[in-house]
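Novice: Protein chains in written order, with numbering that gives the first Met the number 0: chain A, 0 to 299; chain B, 0 to 308.
No lab work stands behind these hints, which were simulated from the structure alone.
Hints should not be assumed to be uniformly reliable.
Derived DSBU-like pairs (lysine-lysine); straight-line CA-CA distance at most 35 Å [as the list claims (entries may be wrong)]:
(1) B:Lys-117 / B:Lys-95
(2) A:Lys-72 / A:Lys-110
(3) B:Lys-123 / A:Lys-227
(4) B:Lys-60 / B:Lys-14
(5) B:Lys-60 / A:Lys-165
(6) B:Lys-95 / A:Lys-227
(7) B:Lys-60 / A:Lys-225
(8) B:Lys-14 / A:Lys-225
(9) B:Lys-232 / B:Lys-117
(10) A:Lys-225 / A:Lys-36
(11) A:Lys-205 / B:Lys-123
Per label pair, the in silico range of CB-to-CB distance [claimed, not checked]:
(12) B:Asn-126 / A:Gln-187: 47 to 55 Å
(13) A:Gln-170 / B:Glu-228: 38 to 46 Å
(14) A:Pro-184 / B:Lys-267: 37 to 45 Å
(15) B:Asn-213 / A:Asp-244: 42 to 50 Å
(16) A:Gly-34 / B:Asn-213: 40 to 48 Å
(17) A:Glu-221 / B:Ala-290: 56 to 64 Å
(18) A:Glu-111 / B:Asp-192: 28 to 36 Å
(19) A:Gln-170 / B:Asn-213: 45 to 53 Å
(20) B:Lys-212 / A:Glu-221: 23 to 31 Å
(21) B:Gln-2 / A:Glu-260: 57 to 65 Å
(22) A:Asp-244 / B:Glu-11: 39 to 47 Å
(23) A:Asp-244 / B:Lys-20: 18 to 26 Å
(24) B:Asp-192 / A:Gly-117: 53 to 61 Å
To give an idea of the interface, some chain B residues facing chain A are shown, with a C-beta separation under 8 Å as derived from the structure [as the list claims (entries may be wrong)]:
(25) Ala-185
(26) Glu-187
(27) Arg-208
(28) Gly-209
(29) Gln-210
(30) Thr-233
(31) Pro-239
(32) Ala-290
Here a beta-carbon is modelled for each residue, glycine too, at the ideal position from N, C-alpha and C.
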Amino acid sequence: MQKLDFLLDESRKGRPMTLALACPYGDDAIGAIIGAKREGIVRAILIGDEGRIRTVAEQDGYDLSGIDIVDEKSDEKAVEKSVRMVSSGEADLLMKGLVKTSSLLKAVLDKEWGLRTGSLLSHLFLFEIPNLERRVIGISDGGMNTYPDLNAKAKIIENAVACYHKIGIPQPKIAALAAVEAVNPEMQATLDAAALAKMNERGQIKGCIVDGPLALDNAISEESAKIKGINSPVAGNADMLLVPDIESGNFIGKVLLYMTEGKGAGVILGARKPIVLTSRFDSMQTKLLSIALGAVVARS
Amino acid sequence: MEQIRSLSQLLEYAKKIGAEKGPKKISVAMAEEAGLLSAIEEARQAGFADAILVGNSDKIKAAADQAGVNLANYEVIDERNEPAMGITAVSQVSSKKADIYMKGQIHTNNFLRAMLNKEVGLRKGKNTISHCYFHSVEGYDRIFFVADAAFNMYPDLAAKADITQNTVNLARAFGVAEPKVAVLAAVEVVNPDMQATLDASALTQMNRRGQIKNCIVDGPFALDNAVSEESAKTKGIVSPVAGKADVFIVPNIDAGNMLAKAIVYFSKNETAGLILGAAAPIVLTSRADSARAKLLSIAAAVTLSDFQK
């Protein structure tokens, strides 16, 4: 996959997906949704205090005509309604506005009307990297799971693999990253990576090729892999980087977004439907791409 | 060389080394037991070994008389203090006067302490010293190497990597060009709650990254899919090692010991053992071992010593 813009095209195909946006009281979320609607990526329903939503939209000059608003003054209830809309099928994906992530996730994980599947929720960020030939690379999990253990890492891979299948990569190559490509008994990341590679070989993680430990350089650069003498179908060709912890994932992601001309798209996976969770610091392009990614994943 | 596929073949190979290159010299700590001297004498007559006997010379003489061994064919070093016997015997090896260090009547503690001695011992840096049982089992076309079933109790990953490399080197000395190593666990899938399966995964990757050399490592395997291709196929395991393993790395001494003893007592087999990973091969047989087992251990030590030269 070369460019992320294909997500925009993909999301426009077929029946438009409906997005439930909870508590859109910040200019960022409303702006993104207006943009997404204009681009024809999704239909949107805004759930929250209608007066407050309209005031924010007016201040920033956004036109809300043609967008459904469900009036619900309490944040907690607005979140619940948004989640219920998605679990009932009235909406296809969920997006977070100006409400705490923890409140949204609590609702998502509600046993009665939430979106839990028994899997782990995880965050996947796809990046388009201008100075790499294979331009789109995913990172997981740099946003949600802090210090995943081996079981959690396996689930993070499974979530990502399901997403890759939906975006048209049938056998994603997954690099389990560590600081080095050799197994070091003192470095848990290398041990977990080796176990994940084996779980893949034994059919415990399917639909992808996992190898590790790999260092970032030999995961993305064939030349670096060659110099190190690493013989692996993943080395130099990784579609996704499984990072050992949230810090490493976060750092790679932020370098890509802030220090390169890269753009990205993020989504939370592992629930019955995707959840879009953008930050106000994301560029409009990243927000739109994230919504589009959510819409593509939502399409079953 | 041609692969040695049974312990009878091992014996023939050791004889060939003796005939072509002369006998290897064994340095024996506390060589005061008749059974041991008989085995050494047999190896000497077969032409592949010679020995320096360290211990109380009176007791060595008595044991030799009992075994009908003529001591004129041996160098005897008289030493009456047991710890000193170990030091004297091991010094013969570290100073290159002998090729193989062998335990006689000496307590295992004293024997090993001498082997680990910083000045005259045989330790190779930090390399883990390990034990290997090798079995030829009727119905199989190759020797099975099992480690570590006797020396390291609960080895961690780093120790298992050393054990694997030590054992692979022995298999290579036996002419197995690229030994296939199965790292055993109770199951062939990775289970985060079973350390053996995690270590097995790590050892596989260490092999792929060149951290364990000259072999093909795979695991976790249950024993059945390591020895039986059919079982591996049933389980859907695709691996060059499945059903073809030469070397079996066991998770700990309990499992390993029971595996080795099950082979010894339940199958038609020949079995011997060797201590590996030191600067020279080490023979540590017990008094309970048969004369044949002792002879086979010596033959293996001679073969390994020749390979390492």
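Novice: Below or equal to 35 Å on CA atoms is what counts here, so check Lys-205 (chain A) against Lys-123 (chain B).
Specialist: Outside the cut-off at roughly 43 Å; violated.
Novice: Below or equal to 35 Å on CA atoms is what counts here, so check Lys-123 (chain B) against Lys-227 (chain A).
Specialist: Measuring from Cα to Cα gives roughly 27 Å; hence the hint holds.
Novice: Should the interface hint for Gln-210 (chain B) be scored as holding, given a Cβ-Cβ cut-off of 8 Å against chain A?
Specialist: With a minimum Cβ separation of about 6 Å from chain A (threshold 8 Å), the hint on Gln-210 (chain B) holds.
Novice: Against chain A, is Pro-239 (chain B) within 8 Å by beta-carbon distance?
Specialist: Since chain A brings no Cβ nearer than about 12 Å to Pro-239 (chain B), farther than 8 Å, the hint is violated.
Novice: Between Lys-95 (chain B) and Lys-227 (chain A), is the straight-line Cα distance small enough, at 35 Å or below?
Specialist: 38 Å, violated
Novice: Measure nothing beyond the straight line between the CA atoms of Lys-117 (chain B) and Lys-95 (chain B); if it is 35 Å or shorter, mark the hint as holding.
Specialist: Given pair Lys-117 (chain B), Lys-95 (chain B) holds - Cα atoms ~16 Å apart, limit 35 Å.
Novice: Between Lys-232 (chain B) and Lys-117 (chain B), does the CA-CA distance stay at or below 35 Å?
Specialist: Violated - the C-alpha atoms of Lys-117 (chain B) and Lys-232 (chain B) are around 49 Å apart, more than 35 Å.
Novice: Check the following: the C-beta atoms of Lys-212 (chain B) and Glu-221 (chain A) are separated by a distance inside 23 to 31 Å.
Specialist: 24 Å, holds
Novice: Assuming the hint says 28 to 36 Å, is it satisfied by the Cβ distance from Glu-111 (chain A) to Asp-192 (chain B) or not?
Specialist: 31 Å, holds
Novice: Once the shortest beta carbon distance from Gly-209 (chain B) to chain A is found, is it less than 8 Å?
Specialist: 7 Å, holds
Novice: Evaluate the given range 42 to 50 Å for the C-beta pair formed by Asn-213 (chain B) and Asp-244 (chain A).
Specialist: 35 Å Cβ-Cβ, so the 42 to 50 Å window is violated.
Novice: Hey, does the Ala-290 (chain B) contact hint survive, CB to chain A under 8 Å?
Specialist: 41 Å, violated
Hints 5, 6, 7, 8, 9, 10, 11, 12, 13, 15, 16, 19, 22, 23, 24, 25, 30, 31, 32, counting from the list given before, are not met by this structure.
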